[in-house]
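*Asks:* Model the full assembly from the supplied sequences, consistent with the hints where possible.
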Amino acid sequence: MDPIVSKLGIIGAGVSGLAAAKQLAHHNPIVLEASDSIGGVWRHCSYSSTKLQSHRRDYEFSDFPWPDRDNADFPSHLEILDYLNSYAQRFDVLKFVRFNSKVVEVRFVGDRETVDFSVNPVEYGGLSPGGGQPVWEVSVQSNDSETIQWYAFEFIVVCIGKYGDTPKLPEFPQNKGPEVFQGQTLHALDYCKLDKDAASDLLKDKKVVVVGYKKSAIDLALECAEANQGPEGKPCTMVVRTLHWTVPHYWVWGLPFFLFYSTRSSQFLHQRPNQSFLRALLCSLVMSPMRHAVSKFIESYILWKLPLEKYGLKPDHPFEEDYASCQMAIMPENFFSEADKGKILFKRSESKWWFCKDGIEFDDNTKIKADVVVFATGYDGKKKVKSILPEPFRSLLEYPSGIIPLYRGTIHPLIPNMAFVGYLESVSNLHTSELRSIWLARLLDNKFKLPSVEEMLEQTRKELEISKKTTRFYKRHCISTFSINHSDEICEEMGWTSWRKNTWLAEAFSPYGSQDYLKKQ
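The sequence shown runs 83 to 603 under the working numbering.
In case anyone wonders, no lab produced these hints; they're calculated from the structure.
The structure displayed is predicted, hence computed values, not measured ones.
Cβ atoms here follow ideal geometry from the backbone N, Cα and C, with glycine treated the same way.
Just so you know, not all the hints are guaranteed correct.
[To be verified] Straight-line C-alpha distance at most 27 Å; calculated DSS-like pairs for lysine-lysine: (1) 296 <-> 425; (2) 425 <-> 464; (3) 297 <-> 550; (4) 465 <-> 550; (5) 451 <-> 466; (6) 133 <-> 550.
[To be verified] Computed spacing ranges between beta-carbons, pair by pair: (7) 311 <-> 252: 25 to 35 Å; (8) 391 <-> 252: 24 to 34 Å; (9) 588 <-> 432: 42 to 52 Å.
*Replies:* Below is the structure:
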């Protein structure tokens with residue numbers, strides 16, 4: 083079967099894939115979506131109780147505001163799916179999407195004679211001149227057929243994201259894994275596939291252990307507690323290894339949360355890439371105590387509002403480190419009321435644990451009996467990308483730092499004619515993906531040129547160094563403490579004005595969001 087030839091291919095039709103497809107619509111892209119619907123993690127990795135972690139106005143496309151954007155409630159995952167479907171219909175994006183088209187292999191068919199990876203891989207990278215010749219071939223399998231269809235693209239945009247599809251699971255000693263457990267084990271991804279009734283049946287009147295303490299684990303534990311009301315209900319035990327700060331809402335001692343991290347003046351306190359020596363010195367000597375004070379101020383409110391110390395859930399690291407790594411989560415309103423009733427229990431485990439016949443055991447000789455163990459342990463996004471990338475690009479994916487080096491959060495300097503949208507994290511991943519898609523569209527339209535490979539790698543190195551100085555969780559590749567500066571540099575590269583507000587006062591003290599990037603100033 084001859085390959086289908088197209089200039090541009092997009093892999094994935096989640097939030098990032100939709101943003102890329104809309105901005106690149108004039109190239110008539112082919113969007114390959116493995117499932118039968120758009121929405122990505124909002125469709126396939128959500129519980130019945132899953133809600134957005136921010137307000138509507140902080141999670142919207144610049145040219146498609148929510149109809150009720152000032153509603154203070156956090157929208158449910160179903161409301162978000164409705165919003166994404168409305169967006170796709172409004173901009174006629176669905177015509178590009180080929181559903182039930184799972185990418186199983188990607189081949190490089192560009193010019194290999196111009197590079198010798200064994201000698202100097204850094205000389206290879208960026209966008210090839212193009213010339214209309216295919217650079218990548220993509221193997222696609224349909225859900226209802228064993229037939230493989232090949233596509234040939236000049237350029238590929240990878241939008242399969244860091245979450246979903248590939249669960250991250252702990253490793254266990256021989257004969258101490260799930261195989262010896264007589265109960266049921268599953269990952270949060272499997273739980274997401276259950277409808278509301280099936281999920282309730284799984285949890286009701288069962289001794290459930292939830293492994294993890296991030297947002298998915300917290301939501302799951304609460305669903306478990308709600309399914310076990312009444313005298314026959316069993317408590318849910320959360321196995322907590324690494325603690326993270328949670329917040330009750332977006333107000334701190336009567337002040338809106340955005341004042342502390344989401345304005346230009348607040349981010350001025352934080353280090354950023356490409357800063358001068360004088361500014362770096364100022365950040366270290368003068369602004370460091372101010373950042374520490376802000377973090378302590380927020381922590382004081384959280385500890386007053388939530389019983390973290392009562393349950394041994396107060397993290398040892400500053401709040402700023404969780405915010406800087408995009409790990410801050412909103413605590414559901416009735417979570418601790420269920421803990422107070424004994425429906426949610428906590429077991430700290432900073433070391434090893436393993437399965438036994440009727441539950442799990444810890445190296446402090448304690449044991450928890452269980453009927454069901456759910457791993458809310460996250461996903462392996464890099465493994466998912468590596469599974470489709472060919473060599474030598476698979477080996478180069480994390481070169482040279484062990485973290486995927488994405489220039490402007492989009493271009494890997496060592497992988498030609500390929501972009502990644504949705505891998506850089508921020509407070510609003512939708513806004514981040516949209517702005518990078520706009521940047522990518524202008525790049526492919528030859529509105530500007532990429533710097534050299536060395537310069538791009540140096541920029542990613544600087545961003546990594548800033549993250550290392552800010553948080554121990556730097557490997558999450560989050561830009562939340564210098565997101566405005568990151569957007570400034572993107573705007574300048576596109577020839578836009580970087581300061582987007584109408585007044586100096588608004589520029590200093592108003593939060594930045596997608597609406598600020600609607601006009602191409």
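*Asks:* Could you work out which earlier hints the structure fails to respect and list their numbers in ascending sequence?
*Replies:* 2, 5, 6
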